[in-house]
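A.B. asks: As given, the protein sequences belong to chains Z and W, one line each in that order.
The opening residue of the first sequence carries number 1 in this note's numbering; numbering runs sequentially from there.
The opening residue of the second sequence carries number 1001 in this note's numbering; numbering runs sequentially from there.
Calculated from the structure, these hints are not laboratory results.
Computed from a predicted structure; not experimentally measured.
Among these hints, one or two may not hold up.
Stated by the list, open to error - Derived pair list, reagent style BS3-like, types lysine-lysine, alpha-carbon separation capped at 27 angstroms: (1) Z:Lys83 <-> W:Lys1287; (2) W:Lys1243 <-> Z:Lys119; (3) W:Lys1243 <-> Z:Lys62; (4) Z:Lys19 <-> Z:Lys60.
The primary structure of each chain is shown beneath.
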Amino acid sequence: MENIVTTKELITGYYNNGKFSAIPQYQINIAAKEGELIALIGSNGNGKTTLLKTLAGLQKYKSGEINIFGNSPKTANKLDFAKVLSIATTELLKIAYTSVYEFVMLGRYPYSNFFGKIKNDDIEIVNMALNETGIIHKKDELLNRLSDGERQRAVIARTLSQNTNVILLDEPTAFLDIKNKFEIFNLLKTLTLKFNKTIIFSTHDINTAIHIADKIWLLKTNCIINKIPEQIIFDDDLANEFNSDYLQIDKNSGNLNFINKSSAFIGLEGNSKIQTLTKNAFNRIGFEISSNKNITLNVIIEEKGNSFIWKLNDKNEIFIFNQLEELLLHLKFYKLKN
Amino acid sequence: MAKLTKHYNFFIITILIIIILVLSIIDILNGSVKISFNDAINLLINKSDNNSLNTIFFDIRIPRIITAILSGIALSISGLLMQTLFRNPLAGPYVLGISSGAGLGVALSVMGFSAFGLNFIEVAGSGGSILAACLGSGFFMFLIFVISLKIKDVMTLLVAGMLLGSAASAIINLFQFVSSEQSLKLFVIWTMGSLSNTTWQQLALMSCTILIGVLISIFIAYPLNVWLLGDDNAKSSGININKIRNLLFISATLLAGSVTAFCGPLAFIGIAAPHIARLIFKTSNHKLLIPLSAIIGVIMLLIADILTQLPFTNFLIPINTTTSLLGVPIVLWIVLKGKKMWI
Chain Z
1 MENIVTTKEL
11 ITGYYNNGKF
21 SAIPQYQINI
31 AAKEGELIAL
41 IGSNGNGKTT
51 LLKTLAGLQK
61 YKSGEINIFG
71 NSPKTANKLD
81 FAKVLSIATT
91 ELLKIAYTSV
101 YEFVMLGRYP
111 YSNFFGKIKN
121 DDIEIVNMAL
131 NETGIIHKKD
141 ELLNRLSDGE
151 RQRAVIARTL
161 SQNTNVILLD
171 EPTAFLDIKN
181 KFEIFNLLKT
191 LTLKFNKTII
201 FSTHDINTAI
211 HIADKIWLLK
221 TNCIINKIPE
231 QIIFDDDLAN
241 EFNSDYLQID
251 KNSGNLNFIN
261 KSSAFIGLEG
271 NSKIQTLTKN
281 AFNRIGFEIS
291 SNKNITLNVI
301 IEEKGNSFIW
311 KLNDKNEIFI
321 FNQLEELLLH
331 LKFYKLKN
Chain W
1001 MAKLTKHYNF
1011 FIITILIIII
1021 LVLSIIDILN
1031 GSVKISFNDA
1041 INLLINKSDN
1051 NSLNTIFFDI
1061 RIPRIITAIL
1071 SGIALSISGL
1081 LMQTLFRNPL
1091 AGPYVLGISS
1101 GAGLGVALSV
1111 MGFSAFGLNF
1121 IEVAGSGGSI
1131 LAACLGSGFF
1141 MFLIFVISLK
1151 IKDVMTLLVA
1161 GMLLGSAASA
1171 IINLFQFVSS
1181 EQSLKLFVIW
1191 TMGSLSNTTW
1201 QQLALMSCTI
1211 LIGVLISIFI
1221 AYPLNVWLLG
1231 DDNAKSSGIN
1241 INKIRNLLFI
1251 SATLLAGSVT
1261 AFCGPLAFIG
1271 IAAPHIARLI
1281 FKTSNHKLLI
1291 PLSAIIGVIM
1301 LLIADILTQL
1311 PFTNFLIPIN
1321 TTTSLLGVPI
1331 VLWIVLKGKK
1341 MWI
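Taking the hints into account, I'd like the entire structure generated from these sequences.
C.D. replies: This is the structure:
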């Protein structure tokens, strides 16, 4: 398959009082193929939005080349370019009285005459877009009456009605609850599979991105990385970029884990299914599990029918807990005392 | 649902047009010389059995109605365009100081030249004052637009508009100080606003400029709908924003400038009419809002004009006063709506 989005030695950034500030500080060479779902990730300020806007021709770039289906945003006819690439930025939609249907219909602008006469195929494509994004039941609702999730669907429906090969989305899942977030991610995936569209979206949700995206564009401070998610995890790229005092990337799954700082040690015995959860709970309140037999604090988990009891051995004094929560309260108090 | 809305809209528009007809008739008959309905019919069928009534009817009342209708159309469309340009529900030719700009142009043409012993109106004719008003309003609109690029906040922009208005007033004061008594009087009367000072010739000129302004606004109605979604959305839909913005500038300036040149600064019609239209018809679509705002603007201006000649009295109130009395409550209501100030 051929690349339909490529950049060559591209330097992006913005002009301020005639002076160009490059963001990021390096040349961007990337490519995307037909039907690929690409997650653009990176820390704030690394230039995710700048890159998307530059690809869409909304922002000027200093040097290099952009090729989108044979068009350059710099030189292409604006209307022709709008038939190849659509973008939804995080721009606020402050319109009082526009219905979802009218809004999605505005995506047909590049295909209509100057007065916007609605043709039959416009109606067909708009209905298709509303159907695919699952917002058709709200088509007569005003845009500003929608929930965040519904509005995002309408925004994606508008890019669909623009009928382009490439769709760029700037943080399509920001402000969404977890259910809506996964539904939107699934929608993006479906669109790439069903219509062979190339969708590039920026996100801060790395955990989900590595599970659904075909490719990850990782904007680091010193270079951009373009690989499949598994390769990125295997090569430790995520770990190198994001690992910190509080954040660790699991080398096998690529999952992001919170690092709890421990200031005390505790022993943990017993071989039950609740052991991992108990260990997590100890870590969370600042206890690290120790295998040292001579440790003063020791917990043994015993299984009792369907429930568990936790036996805490504190300098030969024994406490018994039926609830993990009570044990944790006791340990917190213990930490305060010592 | 959609069909029902169509019938509802058609019904409302029919009623509004009937209201315009009724108001026009009242406005024609109303005045310091009362004309009865029968007289009016007689005058229309066979002219000239009463010469003075004939003159009043054909050279004062009819031109006044046409002026009111043209001004209502022009001011409301100009207000609508400015609200779209600035994404600001409180934008309008008067509050943004653009009428003051037109005023400055007129002051310059009426008084500034008299300071040098010239009579500009005599030299350049009424086209001269239209040109001066358009140049003035265009210049001020450009200034306020440049400021709006730096200031995104709705209220701060209005303060900037007020400041520009004050600056214009200061310069106008200066002109008043040095101008001849005769041109000073001419200017002060102009600032009070009036729909009844237009001659047929001036009307012809005014309708030409307003027609051009309205045609341009209709021409850009569709891209304006997309532009309302924001600069990014408009650009990525293939819209040449600069071109649309320039056309909008020309249209809004022609509309506001030509009305202000002949009728003085008519306050608050431009800001209020588009809001009432949006409220009644629940649409942000410019293809509908342009004619609908125009209809509402005409109604408002006709009511304001009828009120200038207080019924049953001989008092004559300046039209700028009555438009303010009508418009200010509406503007207050928009401000009180607070954060939902969307257009």
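A.B. asks: Now look at each hint and say whether the structure bears it out.
C.D. replies: Cross-check of the supplied hints:
1. Z:Lys83 <-> W:Lys1287: The given pair, whose Cα atoms are some 24 angstroms apart, holds under the 27 angstroms limit.
2. W:Lys1243 <-> Z:Lys119: Roughly 26 angstroms separates the two Cα atoms, so the pair holds.
3. W:Lys1243 <-> Z:Lys62: Since the Cα atoms of Lys1243 of chain W and Lys62 of chain Z sit roughly 24 angstroms apart, the hinted pair holds (cutoff 27 angstroms).
4. Z:Lys19 <-> Z:Lys60: holds, 12 angstroms
Hint compliance for this structure: no hint is broken.
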